[in-house]
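*Asks:* Chains A, B and C, in that order, give the protein sequences.
Position in the first sequence (from 1) plus 2 gives the number in the numbering used here.
Position in the second sequence (from 1) plus 14 gives the number in the numbering used here.
Position in the third sequence (from 1) plus 97 gives the number in the numbering used here.
What the hints contain is simulated information worked out from the structure, not anything from laboratory work.
Here the structure is a predicted model, which means the values were calculated and not measured.
Note that the Cβ used here is the ideal one computed from N, Cα and C, for glycine as well.
Keep in mind that the hints are not guaranteed to be accurate.
Claimed, not checked - Between beta-carbon pairs, the in silico distance windows are:
| no. | chain 1 | residue 1 | chain 2 | residue 2 | range |
| --- | --- | --- | --- | --- | --- |
| 1 | C | Q136 | A | R248 | 14 to 20 angstroms |
| 2 | A | A328 | C | R431 | 16 to 22 angstroms |
| 3 | A | V255 | C | A120 | 52 to 58 angstroms |
As the list claims (entries may be wrong) - Keeping only pairs whose Cα atoms sit at most 35 angstroms apart, straight-line, the calculated DSBU-like set for lysine-lysine is:
| no. | chain 1 | residue 1 | chain 2 | residue 2 |
| --- | --- | --- | --- | --- |
| 4 | C | K398 | A | K200 |
| 5 | B | K50 | A | K83 |
| 6 | C | K401 | A | K200 |
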Amino acid sequence: MGSPLRVVHYVNQFFGGVGGEDQAHVGVSARAGAIGPGRLLEKALGEDARVEATLVCGDNFASEREADAAFALGAELDRLKPDVLVAGPAFGSGRYGLACALVCQIAQAHGIPAITAMHPENPGASSARRGAYIVPTGASTTSMQAALDVLAPLARRLGRGDALGSAEVEGYMPRGARRVHDRGRPGYERALAMLLDKLHGRPYRSEVPYAPPERVSPAPPIADLSRARIAMVTTGGLVRKGNPDRQVSANAVRYHRHTVAELESLSPAEWEAYHAGYFNHIVNSNPNYILPLSFLRDLERQGKVGRVHEHIYALPGVSTPVAVSAAHGRSIAEDLRASGVDGALLVAT
Amino acid sequence: MISAIYNFALTTGANRVIRGARIEHVCGDPTLSPEKDYAFGMRIVTSALRTLTVAVPGPTLFDPMEAAHAS
Amino acid sequence: MRLEMGTFPVTDIVFGRTTRYEAGRLTVDRDAVVAAVRQDPRIASAELELAKPGESVRIWPVRDVIEPRIKIEGPGVCYPGMCGREIATVGDGRTHRLAGMGVVEVSSVNWHDAGGDFVETYLDMSGPYGEMYPYRKLLNLCLVVEPDSTLNEEVKNYAVHKAALTVVDQLGEAVRRLTPPEREIFELAPVDPKLPKVVYIWCVHSPQAMSGSPSAFCTATYGLTQLTPPWYLHPNEILDGALTGPYRTAFAMSWTVANNPLLLDLYRRHGRDWNFLGVISLRTEWTTQTEKQLMANQTAKLAKQLGAQGAVVTWDAGGNEFIEVVRSIQACERLGIKTVFLTSEDDATDGAPTMLEPLPEADAIVSTSFFKNVTLGVPDAPAVTRVIGLPTKIVRRGSTIGLHGGVDGTALATAGPLPPPWRYDDHYGFGSLSCTE
């Protein structure tokens, strides 16, 4: 077969035998050979594979000092030059999962194939959609062997330089690279076949795997609303009357920023809705229903809100690919942050 | 985020979600008298603003019709 | 309910002196049929034209394709409740159908005038675009019809669809007294109690939310298009056209509903692979969370009360309608009903999920590929020699959605190369296109 497969295993402080939560702050260290679950991993990898070294890092270090962790891990990987990096499995541990995703990213940046494993709802799992190979596991360590049984063969093939097949076939979490594929049998036949399999307790595989949602850390609360600058954003398709900006009614490639500095309220004489996904006429009689300027002005006058931000943002939130929507969101957020806005109301239809 | 179809906002990761009236008129209700429509819309908006002053652990739904949000 | 369906395969259509059917050839008395249509004073103009498989013909605008079916024995009429037709419950007795053909409703009338919803579909009888749809294999008798322009939009819709149904009735008369070459009995006979009980949850768009009207034109159940709670339908009612009328997509025509391969296979394998309990029709596009969840809960409850152990779910729309559909699936699973969801997918750029609200309970999905023609990479349909209908089609580019009709677009010659409508969307799984990682 050739030389043995050289594997580096990444684990957190707990699996690395350093300690529990109290040791979550420890930095990156490298130990020779396999530690803890790494021994099970080595066994699962088979005869001609070795866990050459184990990289250990505290979960808090990886999350709070990400740049330092990345630097140290990168340096170790450059020194060790493994054929493949295996991280975790992290199961349901959120910080551990994020750290595993991070080290895989670093490995890939250093030209080393990498793979990890965790529960699909682990926050680290959203990295699958950014190209990381992640094998789905149960939530707890009781599924360790089952996880390794799937993970190890894939790690071997990655280490040997093989390309993996589709997620559906290989069993890693879908990375979202959907493409058109003719399955050779009409959809109705496949649906009824899948129904029979499901009813009779036979294994079946969904043609669209479940994609757990991304989790976003909530922004910290505003201390004092009466001193806060508040902005408004709407996906209700608000446009100036007559749509002089030629905004489309769906799948917008851009959003529009309007100034409301001189306005007390949105008047139906000057504004309307242009959105292909709902009945626009009600908003046409009162545009404040989807962008509550009249209410905010009232509250501003009463001193309950510090300032109403002079810009509002509008687009029609329908039929827009998620990637485009995310780009609009990032751009609007950046604009708001640069303007010193403290909080924003987003009205969706 | 103020929305009439709020559950899907929660399941896709929005953290502060306020229940709106209806897709076609999120902040108010045109079937009410103008005064009541405005009061209803104000209730929704003030409870939305209040959520900005509160820490949340993750996706959380706020119902403007609950007493805590009465202005 | 017991329905004997008599099928008369149509292998050719010609115009002639009387409307008659003989050995596969349907002769149509064009003048008599047009005269019947024009008896309605709301009709301003009407013409009949033929489009045959393989011809270089394009039909535009296509509002509906209807298979002629006529009630011979038993209560009611086929396509009950539409455009003022009788509403007696159908599905019993005998029905005759003309197979291998469609009556195509071609008119410039739009669905409603509240905006956002435009007639988009055109059909080719040959070429790569035509190949994507089942209609190019049908002999299509096209009714090109326009109503009195002073009527309001809802009445215009009613008038032109009624005209198409008039043609359907006229053709049906030709086979009323004949013996059908093919016969099939449809009934849900008692079966082996060990067979799993399955139900078909059929989600259908209601135009009520988008149009602001409970009586806007669209796919209808006994003529009703408004938002209603889930409705149990015996599959024979569907065969007699109780669920009929077009939605906005090419695969949501009266013809595809009456010839739904999923429904037919569920029915034909009753007693062999399962105990088919029937259809639960759920209207979609309710506009509050509460209403959506209520419909989902009630759909699942109805399925459970019928005894369902399994369910297949389809839908015909997009957008927030997904929510009541996926929550019906969730509600069924939580009641122990095993579900399979047959659906298309949205754009997956940047690894985004291809469903609006993925829920873990929807764990058995069959995908009919991306629903947008632009994501599918469907090229412009090639130029054709002949057009039935309007000489121009409005297209609006500038966004990757494809195109919508609308007054601010560009008018292209219908006969020239033409971008496909923005949605493909194989609702009932006619084809084998899908997606994979």
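*Asks:* Work down the list of hints and note, for each, if the structure agrees.
*Replies:* Tested hints:
no.: 1; hint: C:Q136 to A:R248: 14 to 20 angstroms; result: 46 angstroms, violated
no.: 2; hint: A:A328 to C:R431: 16 to 22 angstroms; result: 31 angstroms, violated
no.: 3; hint: A:V255 to C:A120: 52 to 58 angstroms; result: 57 angstroms, holds
no.: 4; hint: C:K398 to A:K200; result: 20 angstroms, holds
no.: 5; hint: B:K50 to A:K83; result: 70 angstroms, violated
no.: 6; hint: C:K401 to A:K200; result: 17 angstroms, holds
Hints 1, 2 and 5, counting from the list given before, are not met by this structure.
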